[in-house]
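Enquirer: Read off the chains here:
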Amino acid sequence: MLIDKELANDMSKTVERQEALSKKTREAIIDIAATETGCHIGGSLSVTDLLIALFEKYMDDSRNQVVLSKGHAAAALYSVLYVLGILEKNPAESYGRSDSLLTGHPNHKIKGIPYSTGSLGHGIPYAAGWALSQKLKGSAGIGVAVCGDGELQEGLCWETFQVVQSKQIDNFLCVVDCNGGQNDGFVHHISPIEDVRGRFESFGFQAIEINGHDFREIREALLAFEASSKPFAIIANTVKGKGVPDIEGNPKAHYAKIPHRLKNKWKRSMV
Amino acid sequence: MTLSGRDTYRDELTKIAEDDDRILCLEADLGGKNHQFESQFPDRFFNMGIAEMTSIDMAAGLAEAGFIPFFSTFATFASLRSAESIKLAMGYMEKNIKIIAPYGGVSGGWFGTTHHSLEDIGVVRTFPNIKIACPYGEEDTRRVIREAVSSPHPYYVRLSRNESFVSLDRDDDQATIPLVNQKGNGNLCLLSIGEQGTELCKKIQEAYPEISHVHLCYIDQVSLRNSIAQLEEHGNTFLVVEEHRLAGGTASLLAVLMPDNRVYSFDCGEEWPVYGGSHQETLAYLAFDYEALEEKVKNLLSEGAEVNW
Numbered sequence: 001m002l003i004d005k006e007l008a009n010d011m012s013k014t015v016e017r018q019e020a021l022s023k024k025t026r027e028a029i030i031d032i033a034a035t036e037t038g039c040h041i042g043g044s045l046s047v048t049d050l051l052i053a054l055f056e057k058y059m060d061d062s063r064n065q066v067v068l069s070k071g072h073a074a075a076a077l078y079s080v081l082y083v084l085g086i087l088e089k090n091p092a093e094s095y096g097r098s099d100s101l102l103t104g105h106p107n108h109k110i111k112g113i114p115y116s117t118g119s120l121g122h123g124i125p126y127a128a129g130w131a132l133s134q135k136l137k138g139s140a141g142i143g144v145a146v147c148g149d150g151e152l153q154e155g156l157c158w159e160t161f162q163v164v165q166s167k168q169i170d171n172f173l174c175v176v177d178c179n180g181g182q183n184d185g186f187v188h189h190i191s192p193i194e195d196v197r198g199r200f201e202s203f204g205f206q207a208i209e210i211n212g213h214d215f216r217e218i219r220e221a222l223l224a225f226e227a228s229s230k231p232f233a234i235i236a237n238t239v240k241g242k243g244v245p246d247i248e249g250n251p252k253a254h255y256a257k258i259p260h261r262l263k264n265k266w267k268r269s270m271v
Numbered sequence: 001m002t003l004s005g006r007d008t009y010r011d012e013l014t015k016i017a018e019d020d021d022r023i024l025c026l027e028a029d030l031g032g033k034n035h036q037f038e039s040q041f042p043d044r045f046f047n048m049g050i051a052e053m054t055s056i057d058m059a060a061g062l063a064e065a066g067f068i069p070f071f072s073t074f075a076t077f078a079s080l081r082s083a084e085s086i087k088l089a090m091g092y093m094e095k096n097i098k099i100i101a102p103y104g105g106v107s108g109g110w111f112g113t114t115h116h117s118l119e120d121i122g123v124v125r126t127f128p129n130i131k132i133a134c135p136y137g138e139e140d141t142r143r144v145i146r147e148a149v150s151s152p153h154p155y156y157v158r159l160s161r162n163e164s165f166v167s168l169d170r171d172d173d174q175a176t177i178p179l180v181n182q183k184g185n186g187n188l189c190l191l192s193i194g195e196q197g198t199e200l201c202k203k204i205q206e207a208y209p210e211i212s213h214v215h216l217c218y219i220d221q222v223s224l225r226n227s228i229a230q231l232e233e234h235g236n237t238f239l240v241v242e243e244h245r246l247a248g249g250t251a252s253l254l255a256v257l258m259p260d261n262r263v264y265s266f267d268c269g270e271e272w273p274v275y276g277g278s279h280q281e282t283l284a285y286l287a288f289d290y291e292a293l294e295e296k297v298k299n300l301l302s303e304g305a306e307v308n309w
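Protein chains in written order, with UniProt numbering: chain A, 1 to 271; chain B, 1 to 309.
Treat the hints loosely; a few may be bogus.
What the hints assert, rightly or not - In silico lysine to aspartate or glutamate, DMTMM-like type, Cα no more than 25 Å apart, as pairs:
1) A:167 / B:232
2) A:167 / B:84
3) A:135 / B:29
4) A:135 / B:232
5) A:13 / A:36
6) B:87 / B:38
7) A:137 / A:56
8) A:137 / B:19
9) A:109 / B:94
10) A:230 / A:56
11) A:13 / A:201
12) A:137 / B:20
13) A:135 / B:20
14) A:230 / B:29
15) A:24 / B:21
16) A:57 / B:64
17) A:167 / B:38
18) A:109 / B:84
19) A:137 / B:21
20) B:87 / A:154
21) A:167 / B:43
22) A:137 / B:84
23) A:135 / B:43
24) A:135 / B:19
25) A:167 / B:29
26) A:57 / A:10
27) A:111 / B:84
28) A:137 / B:64
29) A:109 / B:64
30) A:263 / A:19
31) A:167 / B:21
32) A:135 / B:94
33) A:111 / B:64
Unchecked claim - Away from chain B, derived, C-beta distances all over 12 Å, residues of chain A:
34) 116
35) 137
36) 153
37) 154
38) 202
39) 223
40) 255
FYI, nobody ran anything at the bench for these hints, they're computed from the structure. Every value quoted in this text rests on a predicted model; they were computed, and no experiment measured them. Think of the CB as a built atom: it goes at the ideal place given N, C-alpha and C, for glycine as much as any other residue.
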């Protein structure tokens, strides 16, 4: 029991730390939303916790690669890289500017970003290819793609899952940030994708569904992936605009450019 | 026995892979049964199924880890279905991926319009950083495959189907250098691209031996720029003979790159090749044959392209 208590304490500390990182990341995202260009804030805030957990767990090992396939959430990616110390300066200082590599969609020329994404779907096969490369090398490395639920409307995703299944690339993980929104509105209005978990399972994946804002559940899901002998999918239910009450769950928050006063208000209101 | 382009590719890549563990061979269900590479290196051979975009994007991940993935499927599927993957993974991010694309031009013959590829070079050439090679004959195809392995650049290699040719003699061992098949002493020079273009130019030279003929194996924009000085040694009037459309074809690019010269095109026009038939019959339907080329040459000569007989 003593050991279990210690583990519980360790986990509490980890979660506490990750939640602190999450808050800092969201503040940086809001800073970016207040720049001259604005950003895809809704999907950035929904994917933040997933990115923090994945980067913390896997990015110290060069045998692993984590790719943000839903590249429009670049503000989240840059902000996570910043709070983890990989980017030195607050990305809001240069985001979108003519002398900056911090474009509206991720750029592989930036440290910590393996692949330029933004045209949806491509990060998934890239990560699958990386995962296959590690199997060929006899390495324990993994390939992780983080995509959106709207992104799953792209045929390339399913083409890749088919190949992943056929080649049994069991060190490949697809994390779906299911925030229910896409550019023009709700996913379920535009082109519904029912039973995402069942769809993955029908493609030969092991899939689990979690709360994508609960670091304990994310951690458990990653442990399940590591124990799995199949390609793995984490269906992470998230909230578009998570953490900012004014925009939580609102599909109109897909992209926003906000005035300075709103930036401060949103930071104060963060939950 | 002389091998066709695609058989040469498989043979040469399999040989190279004996000493190079980085080589991977990817197919998209069009590699055929008894694939030589698969037989010899089953662990490094991947039939990806009918999944062209996935194949190229996954190849990017494999290349990032230090492998040299060769991906082969029909030219039209490789270049058009996968155009965005080629643009991003190979052009923009310069991943070390090699595409080998048989069934170039209308070599699919009776397979029909969906399987013809008269636009592939134009599409791929718009993406910077990709080497494009269109070899003539077995020896040059082997050279190109070897050069692709040793080069850090992405490659698009356009091949034909089953016909086989003996390559032109080279003074050097690099296919990157334009090959002067025969140097005439006038101002008209034929520039041949690929197997059928080069075949036609060879035949024209039998009847018009004083016309120069240069075969260009590498036809990406950088390679063409690097060839200009050498080409200009062969006159100031050039007729590009290429199994492709004019739009995006080599002639249209060379015309801009060589503004002080006259550059003409002998190409497959704007018709859709809607009928069946052999490769040669399909080419004839598109007026890409000896008679049409000879007429074009005669017209150019009558318009003042100087040839000293």
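Enquirer: Mind verifying the non-interface call on residue 137 (chain A)? Its CB should be farther than 12 Å from each CB in chain B.
Expert: 7 Å, violated
Enquirer: Under the criterion that the straight-line Cα-Cα distance not exceed 25 Å, is the pair residue 135 (chain A), residue 232 (chain B) satisfied?
Expert: 51 Å, violated
Enquirer: Mind checking the alpha carbons of residue 87 (chain B) and residue 154 (chain A) for me, to see if they're no more than 25 Å apart?
Expert: Since the Cα atoms of residue 87 (chain B) and residue 154 (chain A) sit roughly 18 Å apart, the hinted pair holds (cutoff 25 Å).
Enquirer: Given the hint that residue 135 (chain A) pairs with residue 29 (chain B), does the C-alpha gap stay at or below 25 Å?
Expert: 22 Å, holds
Enquirer: Residue 223 (chain A) clear of chain B by more than 12 Å, beta carbon to beta carbon?
Expert: 24 Å, holds
Enquirer: Under the criterion that the straight-line Cα-Cα distance not exceed 25 Å, is the pair residue 137 (chain A), residue 19 (chain B) satisfied?
Expert: At roughly 17 Å apart (the allowed maximum being 25 Å), residue 19 (chain B) and residue 137 (chain A) satisfy the hint.
Enquirer: Between the alpha carbons of residue 13 (chain A) and residue 201 (chain A), is the straight-line distance 25 Å or under?
Expert: Cα-Cα ~34 Å, so violated.
Enquirer: So if I understand the rule, the pair passes when the alpha-carbon distance is 25 Å or less; does residue 263 (chain A) with residue 19 (chain A) pass?
Expert: Since the Cα atoms of residue 263 (chain A) and residue 19 (chain A) sit roughly 20 Å apart, the hinted pair holds (cutoff 25 Å).
Enquirer: For the pair we were handed, residue 167 (chain A) and residue 43 (chain B), check the Cα-Cα distance against 25 Å.
Expert: 11 Å, holds
Enquirer: Between residue 135 (chain A) and residue 43 (chain B), does the CA-CA distance stay at or below 25 Å?
Expert: 11 Å, holds
Enquirer: Next pair to validate is residue 109 (chain A) with residue 84 (chain B); report whether the Cα-Cα distance is within 25 Å.
Expert: Given pair residue 109 (chain A), residue 84 (chain B) holds - Cα atoms ~19 Å apart, limit 25 Å.
Enquirer: Decide if the proposed pair is consistent with the structure: residue 111 (chain A) and residue 64 (chain B), CA atoms, cutoff 25 Å inclusive.
Expert: 15 Å, holds
Against the hints set out earlier in the document, violations occur for numbers 1, 4, 5, 6, 11, 15, 22, 34, 35 and 37.
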